[in-house]
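Produce the complete structure using the sequences and hints provided.
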Amino acid sequence: MDRFWAIWMVHQNSLRHRSLRLSGGNRADAEDALSAAMVRAAQAFDRQPVQNPGAWLVRILHNACMDQHRQNANRIPIAAEDADLPPPSAAAWVKAAPSPEEALSQQESDAAWGRAMNALPATLVEPLRLHLDDWSDERIAAHLNISRELVRKRRQLAKNRLRLLLDL
1 MDRFWAIWMV
11 HQNSLRHRSL
21 RLSGGNRADA
31 EDALSAAMVR
41 AAQAFDRQPV
51 QNPGAWLVRI
61 LHNACMDQHR
71 QNANRIPIAA
81 EDADLPPPSA
91 AAWVKAAPSP
101 EEALSQQESD
111 AAWGRAMNAL
121 PATLVEPLRL
131 HLDDWSDERI
141 AAHLNISREL
151 VRKRRQLAKN
161 RLRLLLDL
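The numbers in our numbering rise by one with no breaks, and the one at position 18 of the sequence shown is 18.
Honestly, the hints are just simulated from the structure, not real lab data.
Simulated restraints, written as ranges between beta carbons of each label pair:
| id | residue 1 | residue 2 | range |
| --- | --- | --- | --- |
| 1 | Leu166 | Arg75 | 33 to 39 Å |
| 2 | Gly25 | Arg139 | 24 to 30 Å |
| 3 | Ala44 | Pro98 | 26 to 32 Å |
Heads up, the beta-carbon is just placed ideally off N, CA and C, and yes, glycines get one too.
As structure tokens, then:
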């Protein structure tokens, strides 16, 4: 069990960020899903050999987030008398500022991603950056003067190297 906790601690920050993204920015749902994933992973860790702990934890977290989303979708709908109320003001939708711990964690994560991206050769990083900017493969291929197949191959190679560099 000590081995599990060591692995969990290594991946906890990245899992927290992923949970927050998968939960649409809802911190309460993200923390609930992260806790559920931690319990599930701790219970399952010794039952089977884990080849890639980072990917295994991400899969468990993803499933926990989807379960959380399904639970939220099954909640009782708003009562008819409440449906006539005006929508909340824009101020009600403003996200709370991150805690100092979350801000530091985000800075560390951003720095790690920046270092990893800088470690990639330009031939791999450019197709990935353009893809992340929502460019189509056709547009990237035309911009870089390469085939669409080569765009996809370079993007996949970049992702594989990033996984290695970031221990994902």
